[in-house]
Every structure is written in C-alpha cells, then in structure tokens.
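Student: Each step along the sequence shown adds one to the number in this note's numbering, with nothing skipped, and position 232 is 232.
A couple of the hints might just be wrong.
Taking lysine-lysine pairs in the BS3-like style, the calculated list, with each CA pair at most 30 Å apart, reads [unchecked claim]:
| no. | residue 1 | residue 2 |
| --- | --- | --- |
| 1 | Lys224 | Lys21 |
| 2 | Lys35 | Lys157 |
| 3 | Lys28 | Lys224 |
| 4 | Lys268 | Lys2 |
| 5 | Lys322 | Lys299 |
| 6 | Lys322 | Lys224 |
| 7 | Lys224 | Lys2 |
| 8 | Lys149 | Lys319 |
| 9 | Lys2 | Lys28 |
| 10 | Lys163 | Lys149 |
| 11 | Lys145 | Lys224 |
| 12 | Lys319 | Lys303 |
| 13 | Lys163 | Lys268 |
| 14 | Lys273 | Lys82 |
| 15 | Lys21 | Lys2 |
| 16 | Lys163 | Lys148 |
| 17 | Lys145 | Lys35 |
| 18 | Lys163 | Lys273 |
| 19 | Lys163 | Lys145 |
| 20 | Lys224 | Lys148 |
| 21 | Lys163 | Lys21 |
| 22 | Lys165 | Lys28 |
| 23 | Lys165 | Lys152 |
| 24 | Lys21 | Lys157 |
| 25 | Lys82 | Lys35 |
Read the hints as simulated data drawn from the structure, not as lab findings. Given the structure is predicted, the values throughout are model-derived calculations rather than measurements.
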Amino acid sequence: MKFGETFTEYLHGEQERFLVKCSHVEYKRLKQVLKSCKSCRALQDSSSNEESHVDGSDAVAPLCQCESCSLCDQMFFSELMKESSEISGFLSSRVRRLLHLDLSKGLQKYVLRLSHCFGNDQHAMDQEVRMLINYVIMNALAIRKILKKYDKVHSSKNGRNFKTKLQAEHIELLQSPWLIELGAFYINSNGSVGGDSIENSHQFSFDFSSAQPVLTLVLPNSMKIEYNLICAICLDIVFNPYALSCGHLFCKACACSAASVLIFEGLKSAPPKSKCPICREVGVYRNSVHMMELDLLLKNRCKEYWKERLHEERAEMVKQSKEYWESQSKLFMGFGN
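Full structure from sequences and hints, please.
Tutor: Written as structure tokens, this is what we have:
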C-alpha cells in the first residue's frame, strides 16, 4: 500500500477523534502542489524540446528549480514549517500534561486525574501514550516522504536541506526529547524488560548493558532510530538526565558544570551565552527538558548504578552549597568592614 493511502487510513481510523484536536501534515494537499509543479515541468520540457528540434541542437531542457517555482516558494515550505511547528508544540504540551499526571503524588495526583477525567484509569493514559507515539511517527514519515517527493520532482536537494532546517529549529519530530519521554513512559507503565510492541509494527526497546546504551525506536518500515544514553561529558549513562533545547542529553550535574552554574541553581540559571558542549549552540539551557520518565526507567532497571550516582550528585551538591555560602559569608563580612 502506498504511504498516501496509509496516511489517509490513519487520519480516518480509530484515532480520528484524537486528531480533531491537533494539527497534522496536509500530505494530500502538498502532493497536489507537487503535481502542479510536475505539470509545469512537463510543459517546460516539451517547449524546450520543440526549440531544440527547430534549431537542430541537442540542448537539455532545464530542470524545474525551487527558486523558479512560485507555488513552492509561497506555499510548500512555509506550510510544512508551520505544520511541523504546530505538531511539535502539540506534542510538547500533551506530554507535559501526561507526565504531570503520572509523576504527581498523593492527593495532588488524585485531584489532577479527577480534573482531567482520568480517575485511576491507567489504561486511558497508556492509550493516549500509544496514540501520541503513533501521531509523531505518522507525521514524521509524512514529512520525510513529501520532502523526498519534492526533491524528485524538482531534481534538487532543497527537500533534504529543509530536513536540516527542521533540526536547526528543534522541531524534527523523531529527534524530540518528548518522544524519548513517551517511549520511557510506555516501557515504565508496562513493566517490560525488553520493550513492548506498539501499534503499526513499531516498538520501543532499550539496552543498558552494551558498550553504548541506547533507547531504540523501530518504525513501521523497519528503520531504526537510536537514542544514545551516554553523557558526552562524563562518558557514563546519563543520570538525572536533561535534554537541552538542541536535543543533546546530559546528566544534570554535567550540564550545570558545562554552563558554569551550581547544581542547586539549576540549568534555568545558565547565562544566555552558554553553549552546548556538543554542537556549540548558544542559549540552549533555559528551555531544557528534565527527562523524568527516562530517569525513572534508569532507576528501575539499573538500581545499583542509579543509587551510586544519586549519592555522588548529593555529595557534590552539598560540597558546592557549602563553598557557595562560605564565599557569600566572606563577601558579606568584607563588605561590612
């Protein structure tokens, strides 16, 4: 079955009510734009061939380029960027809400679930997680397919370059830290050691025992996306992990050290010009994401390691706090004299 038909079935399947509330890729409409471009190119090719027959030359017909295609300039990429941003924003807000419901405790958890019509129904939350994972994957595949089609029609690399732009804007769906959190949430709630199958033949699995611990997402076409769980600073499995807005994962203590802030101050207090240790992008700390479900997954699956790292982080936090307040006291005393 062609992807266009699969995507149409997905839009009108059992999750249709869920999709009414959120944006999705207008795959069919964007394909119509490319169809128009293809028609323009065919006319251009035929007119060029007629000219070559008249003058007797073997000139090759110029290929349709994005710069000369007003339909693509005005609609295609701007529309796709808008849709990608809306999907990314929707994913972020829904996952934040789900995690708040799942990780809250005691009376707060009961009140939150009651106010969101969940009650104590864990099945309802699991179902929404599956729908969100499916939502991300189907829209990400739609974006990839339509960009590939764009490059084929225009004989260009503009579609491929647009993928790079999505990554630079931090809205590339399959690289979203919220997708990692959804995968960790799903594994945590199902309590499986090897990952659980999710609808449409894709699954999350994890392996913390190998030299490069990874969380793996297998897509419907058997393509794998691997999320490396090694902190690039301490070169160990991430502990109390944070994802910077550029998408790179670090231990909280390591990220704080890189940003020259104390652990108890947190990443939000990082100077605006602080750079990611990997990609060197500026201003990526303020909107960092605390990967609480991933941390819970590590806590459940690597208990001894997690306890050891917790002890180390607390000891370092106490040390930093003591040094900080000692320096503040000396400064105050010096100022008083």
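Student: Are the hints correct? Go through all of them and say.
Tutor: Against the structure, the hints come out as follows:
A threshold of 30 Å between alpha carbons decides the hint, and for Lys224 with Lys21 the separation of about 29 Å falls inside it, so the pair holds. The hinted pair formed by Lys35 and Lys157 meets the criterion: a straight-line CA distance of about 18 Å does not exceed 30 Å. For the hint pairing Lys28 with Lys224, the CA-to-CA distance comes to about 26 Å; that is within 30 Å, so the pair holds. For the hint pairing Lys268 with Lys2, the CA-to-CA distance comes to about 46 Å; that exceeds 30 Å, so the pair is violated.
Restraint check for Lys322 and Lys299: satisfied, since their Cα atoms lie roughly 28 Å apart, inside the 30 Å limit. Proposed proximity of Lys322 and Lys224 is contradicted: the alpha carbons are some 46 Å apart, above 30 Å. With a C-alpha separation of about 20 Å, the suggested pair Lys224 and Lys2 falls inside the 30 Å cut-off, and the hint holds. With a CA separation close to 57 Å, the supplied pair Lys149 and Lys319 exceeds the 30 Å bound.
A C-alpha spacing of about 12 Å is found between Lys2 and Lys28, which places the hinted pair at or below 30 Å, so the restraint holds. With a C-alpha separation of about 13 Å, the suggested pair Lys163 and Lys149 falls inside the 30 Å cut-off, and the hint holds. Using a Cα cut-off of 30 Å, the hinted pair Lys145 and Lys224 holds, with the two alpha carbons roughly 16 Å apart. Using a Cα cut-off of 30 Å, the hinted pair Lys319 and Lys303 holds, with the two alpha carbons roughly 24 Å apart.
Our distance criterion of 30 Å between C-alpha atoms is met by Lys163 and Lys268, whose separation comes to about 29 Å. Proposed proximity of Lys273 and Lys82 is supported: the alpha carbons are some 28 Å apart, at most 30 Å. Between Lys21 and Lys2 the alpha-carbon distance is near 26 Å, which keeps this suggested pair within the 30 Å criterion. Between Lys163 and Lys148 the CA atoms are separated by roughly 10 Å; this keeps the pair inside 30 Å, and the hint holds.
Restraint check for Lys145 and Lys35: the C-alpha separation of about 14 Å stays at or below 30 Å, so the hint holds. Restraint check: the Cα-Cα separation between Lys163 and Lys273 comes to about 26 Å, which is no more than 30 Å; the hinted pair holds. The suggested pairing of Lys163 with Lys145 holds, with an alpha-carbon distance near 11 Å, which does not exceed 30 Å. Distance check on the hinted pair: Lys224 and Lys148 sit about 18 Å apart at the alpha-carbon level, within 30 Å; holds.
For a cut-off of 30 Å, the pair hint linking Lys163 to Lys21 stands: about 26 Å separates their Cα positions. Taken as a hint, the Lys165 and Lys28 pair is honoured in the structure, with Cα atoms around 22 Å apart against an allowance of 30 Å. For the hint linking Lys165 to Lys152, the alpha-carbon distance of about 19 Å falls within 30 Å, and the restraint holds. Of the pairs offered as hints, the one joining Lys21 and Lys157 is violated, with about 34 Å between alpha carbons and a cut-off of 30 Å exceeded.
Our distance criterion of 30 Å between C-alpha atoms is met by Lys82 and Lys35, whose separation comes to about 21 Å.
Hints 4, 6, 8 and 24, counting from the list given before, are not met by this structure.
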